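Visitor: Chain by chain, the residues:
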Amino acid sequence: MDIKILGPGCSKCEQTAKIVNEAVAETGVDAKIEKVTGVMEIAGYGVFGTPAVVVDGEVKCVGKIPKKDDVKAWLKK
Amino acid sequence: MTESCCASGGNIMILACSGGSNVGQLSNQTAVELTREGFGKMFCLAGIGGMISGFVQSAWDTENMVVLDGCPVGCAKAILEQAKVPMKNYLVITELGIEKNKNFSLKAEDIAKVKTAVFNTCGVKPAGLSPLPLKTGTCCG
Chain H
37 MDIKILGPGC SKCEQTAKIV NEAVAETGVD AKIEKVTGVM EIAGYGVFGT PAVVVDGEVK
97 CVGKIPKKDD VKAWLKK
Chain X
4 MTESCCASGG NIMILACSGG SNVGQLSNQT AVELTREGFG KMFCLAGIGG MISGFVQSAW
64 DTENMVVLDG CPVGCAKAIL EQAKVPMKNY LVITELGIEK NKNFSLKAED IAKVKTAVFN
124 TCGVKPAGLS PLPLKTGTCC G
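From first to last, the protein sequence lines stand for chains H and X. Per this note's numbering, the first sequence runs over residues 37 to 113. Per this note's numbering, the second sequence runs over residues 4 to 144.
Same shape as in the complex, but just chain H (with noise of 0.2 Å):
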């Protein structure tokens, strides 16, 4: 599983980084997580806002630190 945290570095980008890191270690998933951090890959994603998380290049949420349970749920599709 490929998981990307597009955003250049704030606060609730490291937080959804935090929860991100803590799902996939909780259920055991194999999955390659990664940092976006540059402006024009992010904008390639086409998001309103930052931080956003892309599972296996679809983007799951968009501006807003998402709870644990919605990643594991995407973690498990």
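Hints are computed from structural coordinates only; laboratory data are not their basis. Please read all numbers here as calculations on a predicted model, not as lab measurements. Cβ coordinates follow ideal geometry from the N, Cα and C atoms, glycine included. Among the hints, erroneous ones may be present.
Quick list of the computed label-pair ranges, beta carbon to beta carbon [unchecked claim]:
hint	chain 1	residue 1	chain 2	residue 2	range
1	X	G126	H	I69	37 to 47 Å
2	H	A109	X	S108	44 to 54 Å
3	X	Y93	H	T73	30 to 40 Å
Since the structure of chain H is provided, determine the placement of chain X on it from the hints.
Guide: Only chain X this time, still in chain H's reference frame:
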């Protein structure tokens, strides 16, 4: 850690039909000017229509939006309905008394009229261009 990464022109998502008529282009020009003036940020309705996940999810997750259709055909509204995006503020430009035609020489007074309608729809005073009272850092949730 970057402190300004979430800075933006405002968190109001502005979606315009941008259609092929004077009123469609009025929706577009109004969205452009409101973005320049800091009221909100114009966003790509075509991306939502194309069901590209970043655009659709952004529309889902935005706290506030205004949707501008030029005429009662309602293409912008239809796109959001198709993408199952809940619409928050909506206006149709022909309902402001502006007749639909193919004259693309837009009048400043018409643009001003649409802006005023946007302010009213969003609950902002027409005299001011400042956005709604926003929570700090809303673009990041």
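Visitor: Determine which of the earlier numbered hints do not hold for this structure and return their numbers in increasing order.
Guide: Those not satisfied: there are none.
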